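*Asks:* For the first sequence, our numbering assigns the number 1 to the initial residue and increments by one for each residue that follows.
By construction, these hints were calculated from the structure, which means they are not laboratory data.
Computed from a predicted model, the values in this text were never measured in an experiment.
It is possible that part of the hints are untrue.
[What the hints assert, rightly or not] For each label pair, taking beta carbons as the anchor points, the in silico distance ranges come out as:
1) GLY186 with ARG114: 23 to 33 Å
2) GLY35 with VAL200: 13 to 23 Å
3) ARG198 with ASP156: 14 to 24 Å
4) ARG63 with PRO157: 12 to 22 Å
5) ALA11 with ALA62: 37 to 47 Å
6) ARG60 with SER121: 10 to 20 Å
7) ASP139 with ALA11: 19 to 29 Å
8) ARG63 with ARG198: 16 to 26 Å
9) ARG117 with PRO201: 32 to 42 Å
Think of the CB as a built atom: it goes at the ideal place given N, C-alpha and C, for glycine as much as any other residue.
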Amino acid sequence: MTDWPEAWSGAWPELRAPASVVAPMLLGAVLSWGGVRLRLTEVEAYEDVEDPGSHAARGRTARVATMFDEPGRIYCYLSHGLHRCLNVVAHEPGRAGAVLLRAGEVVDGLDLARSRRPGSSDRDLARGPGRLGAVLGADQVTDGLMLGRDQLGLADPPLSEQAISRGPRVGLRLAADRPWRYWLTGERTVSPYRRHARAVPDPPAEPPA
DNA sequence: CTACCGATATTCT
DNA sequence: GAATATCGGTAGA
1 MTDWPEAWSG AWPELRAPAS VVAPMLLGAV LSWGGVRLRL TEVEAYEDVE
51 DPGSHAARGR TARVATMFDE PGRIYCYLSH GLHRCLNVVA HEPGRAGAVL
101 LRAGEVVDGL DLARSRRPGS SDRDLARGPG RLGAVLGADQ VTDGLMLGRD
151 QLGLADPPLS EQAISRGPRV GLRLAADRPW RYWLTGERTV SPYRRHARAV
201 PDPPAEPPA
């Protein structure tokens, strides 16, 4: 494997843009993974050095190496020691970033999904990033795998602006107020907003010129 | 709605 | 060695 963006195959040209731009384009997309098909209803963007809330903010470490790898790969990390969370790598060439898949609606493989989260209502099966990883069967070998074109179908035609809502990110201490959480307006499978108990307000984004 | 706590890999000092 | 964490489940107001 190489590090040079110029050598990347470009299997996912749509994902070679900042994560905050790609994220809303993933809403309504259908993801097929681990025997389950999911319609994405909530996502969240994480970029690199300019985003203090991102795992990639302080450069490449073993855990976050995938965020620096080719767009279209799955970045899968262990949250709080027990939940596997899935991201789609997305960034401009030479940079880093990913879109966290926060929630979705199971549209196929319902029995398998239910078996992976016994006792859950269908609505709650993938309502939250840890739950979403669980119903898709994410595990330690998931990190770094490349999505096939047949595994992620972007919404076509694209969703209207009106169908998409946006707001602050969930569970972050730093830069939580960057409005990079996107969800489908009115969708029941979107997770409840939870602010970090000690979230610090984001500094002003762009000082006027 | 809010608050707490389990659980542990990763990162920082 | 200590602090942190892209969370989820539950308890209680």
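*Asks:* Taking the hints in turn, state whether each one holds.
*Replies:* Hint check:
1. Judged by the Cβ atoms, the range 23 to 33 Å given for GLY186 and ARG114 holds: they are separated by roughly 25 Å.
2. In this structure the supplied range 13 to 23 Å is violated for GLY35 paired with VAL200, their Cβ-Cβ distance being about 41 Å.
3. Distance hint check for ARG198 and ASP156: the Cβ-Cβ separation is about 41 Å, which falls outside the suggested range of 14 to 24 Å.
4. Between ARG63 and PRO157 the C-beta distance comes to about 37 Å, which lies outside the given range of 12 to 22 Å.
5. Taken as a hint, the range 37 to 47 Å is violated for the pair ALA11 and ALA62, whose Cβ atoms sit roughly 25 Å apart.
6. A C-beta distance of roughly 40 Å is found between ARG60 and SER121, which places it outside the suggested range of 10 to 20 Å.
7. Taking 19 to 29 Å as the suggested C-beta distance range, the pair ASP139 and ALA11 conforms, at roughly 23 Å.
8. At roughly 23 Å, the beta-carbon separation of ARG63 and ARG198 lies within the given 16 to 26 Å, and the hint holds.
9. A hinted range of 32 to 42 Å holds for the C-beta pair ARG117 and PRO201, which are about 35 Å apart.
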